[in-house]
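From just these sequences and the hints, can you work out the full model?
Protein sequences appear in the order of chains S and G. Residues 1 to 285 (the working numbering) are what the first sequence spells out, left to right. Residues 1 to 263 (the working numbering) are what the second sequence spells out, left to right.
If you are wondering where the hints come from, they were derived from the structure by calculation, not from laboratory data. It is possible that part of the hints are untrue.
[To be verified] In silico DSBU-like pairs for lysine-lysine, Cα to Cα no more than 30 angstroms straight-line:
1) K226(S) x K71(S)
2) K124(G) x K226(S)
3) K21(G) x K10(G)
4) K67(G) x K97(G)
5) K167(G) x K226(S)
6) K88(S) x K195(S)
7) K195(S) x K203(G)
8) K184(S) x K165(G)
9) K10(G) x K97(G)
10) K203(G) x K10(G)
11) K135(G) x K167(G)
12) K184(S) x K135(G)
13) K67(G) x K184(S)
14) K165(G) x K226(S)
15) K184(S) x K97(G)
16) K203(G) x K184(S)
17) K71(G) x K120(G)
18) K120(G) x K226(S)
19) K124(G) x K165(G)
20) K180(G) x K21(G)
21) K226(S) x K135(G)
22) K21(G) x K71(G)
23) K180(G) x K67(G)
In this text the structure is predicted, and so the values were computed from the model without any measurement.
One letter stands for each residue in the lines below.
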Amino acid sequence: MASKGPEVPLLSVEGLSFSYLDSPRAALTDVNLKINRGEIVILAGQSGCGKSTLLRCVNGLIPHMYPGDYKGRIVVDGDVVAETPMGKLAQMVGFLFQNPENQIFMFSVERDIAFGLENQGLPRQEMRRRVDEVMGLLHIEPLALRPPHELSDGQKQRVALAGIIAMRPNLVILDEPTSLLDPKTASELVSLVSKLNKELGITFVIVEHRLELLTPIADRIVVMDKGRVVMEGTPTEVLTNPASSTHGLAIPPVFSLYSELAERGSRLPRAPLTPEEMAQELNAP
Amino acid sequence: MTFVHQNGVKALDGVSLTIEKHELVGIVGENGAGKTTLVRHINGLLRPTSGSVLIDGADARGTSVAKLSRKIGIAFQNPDHQLFSESVEHEITFALKNFGFDDALIEQRLNWALDFFGLKEYHKSSPLILSGGEKKRLTLASILAWDPEVVVLDEPTVGQDAIQKAKLLEIARTLHSAGKTIIIVSHDVEFLWSLQPRLVVMKRGRVVEDGPCAVVMQERELLEDARVSQPQLVALYESLSRRPASPFQDVSQALSWVSGERR
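As structure tokens, then:
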């Protein structure tokens, strides 16, 4: 079960600075960040703020694959990233790319989901059990024998996510997961993330520009700007803080309206996360 | 018109749609509804299996893609399918040279495009080193540089932060008020709501609704069926027990109504 408390964090970024080789400016400057077990965290900020670099530091691409000036450290579940082989990190940290096309490649959906498990050298029976389990969780059993390239974008994304979840990672990173999805498919993905978080206790870090999709399920938003963490807090704390728009965040209308009302001395008793919650507050006598 | 893929899949099924000069049109619908297939017919990249596409009254079948492109610029969804040059600068000037623009004009347009889309620092770089959002901006820059009459944007806001989105809104509005015809395919209902285009809803290769954004976005069941969500301000409006005659266009409209109510 997801427990959300101030225990030893699952991910701890400690005084991390990084500059790519031959790059004149630092991509990350003294980043400090803790992510607790069971949290859902949105990582936000404008293009080029350092989000992608930070994620590369979490899954070990930096410093293992990218040379540069690296200071500070990242600890994932007790292991220091810079001293941990990438193969081991890949089992602890699942990474869903923006475009699932880049991630699925086998002849059938179930083979694709099993691919990571085969690499782990799990016994066949255990692989079968886990593949069936994740296909059930993600409602993709009917697709088991289909070739992945025939699937819709939303289905492909589920298959890629299933392959990640089957590895039982503690931490899953989603990089702009809804960008190719229609609005309904996007909100189904969001419900799925919430379900995996509640039922399996998986911690999620999600990079997303369309904040309105995720604010209803997120515990925290971490905002980066020019390679630094500049704000963090609950969605309400961050999105009703006037500074958030100066860091390039698209404030969902519900949050702007809440802040503007508060500023005019008409603060709603409860800060809403969705239009429906806001209407409830406004409809109350 | 109808379009059947080589594998027999019917991507467009009896679509009839007229877009007038100077219109601003948004196209929404679920993944695979046929939106991208439809816009690829506009510059002749795809030819209909039956029916026809008329551009300025002339059958697109009789006109080459090159000729149609001068008039119609399409920025595709996936920039990797579009970018091919060795440098950002070349990417932008390629079409301009092909269309025979003179050097002074090319220079001017290049500078405008680099500046407007925040790509100046990369002008000598390979497009391959750009981030997803920057590549997307480069495809837009290279199309807008030749100043086509019709601008088609397929999912322009994907991977764009708030600042770039605001810029895209500004571009769309500016081009529209400068007399261009703008067609935008997008899943981003908040973006479309800010633009208030004529809205075309597609489902399974058909046009299922076509009308003003403010009207169509209130058709909850139809949208649900086409897997489109309502923008936050419309969802809020519809959940209010007392509300004005039409949904809030922006936060400040919502604010003045709500503050009035609470006084």
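Verification of the hints:
1. K226(S) x K71(S): Holds - the C-alpha atoms of K71(S) and K226(S) are around 17 angstroms apart, at most 30 angstroms.
2. K124(G) x K226(S): 23 angstroms, holds
3. K21(G) x K10(G): 29 angstroms, holds
4. K67(G) x K97(G): This hinted pair holds, its Cα atoms lying about 14 angstroms apart.
5. K167(G) x K226(S): 20 angstroms, holds
6. K88(S) x K195(S): 26 angstroms, holds
7. K195(S) x K203(G): 29 angstroms, holds
8. K184(S) x K165(G): 21 angstroms, holds
9. K10(G) x K97(G): Violated, because 38 angstroms separates the two Cα atoms, which is more than 30 angstroms.
10. K203(G) x K10(G): 12 angstroms, holds
11. K135(G) x K167(G): Holds, at roughly 15 angstroms.
12. K184(S) x K135(G): Judged against 30 angstroms, a Cα distance of about 27 angstroms means the pair holds.
13. K67(G) x K184(S): Violated. K67(G) to K184(S) sits at ~38 angstroms, over the 30 angstroms cutoff.
14. K165(G) x K226(S): 19 angstroms, holds
15. K184(S) x K97(G): 43 angstroms, violated
16. K203(G) x K184(S): 13 angstroms, holds
17. K71(G) x K120(G): 26 angstroms, holds
18. K120(G) x K226(S): This hinted pair holds, its Cα atoms lying about 18 angstroms apart.
19. K124(G) x K165(G): 25 angstroms, holds
20. K180(G) x K21(G): Holds - the C-alpha atoms of K21(G) and K180(G) are around 7 angstroms apart, at most 30 angstroms.
21. K226(S) x K135(G): It holds: about 20 angstroms lies between the C-alpha atoms, which stays within 30 angstroms.
22. K21(G) x K71(G): 12 angstroms, holds
23. K180(G) x K67(G): Cα-Cα ~18 angstroms, so holds.
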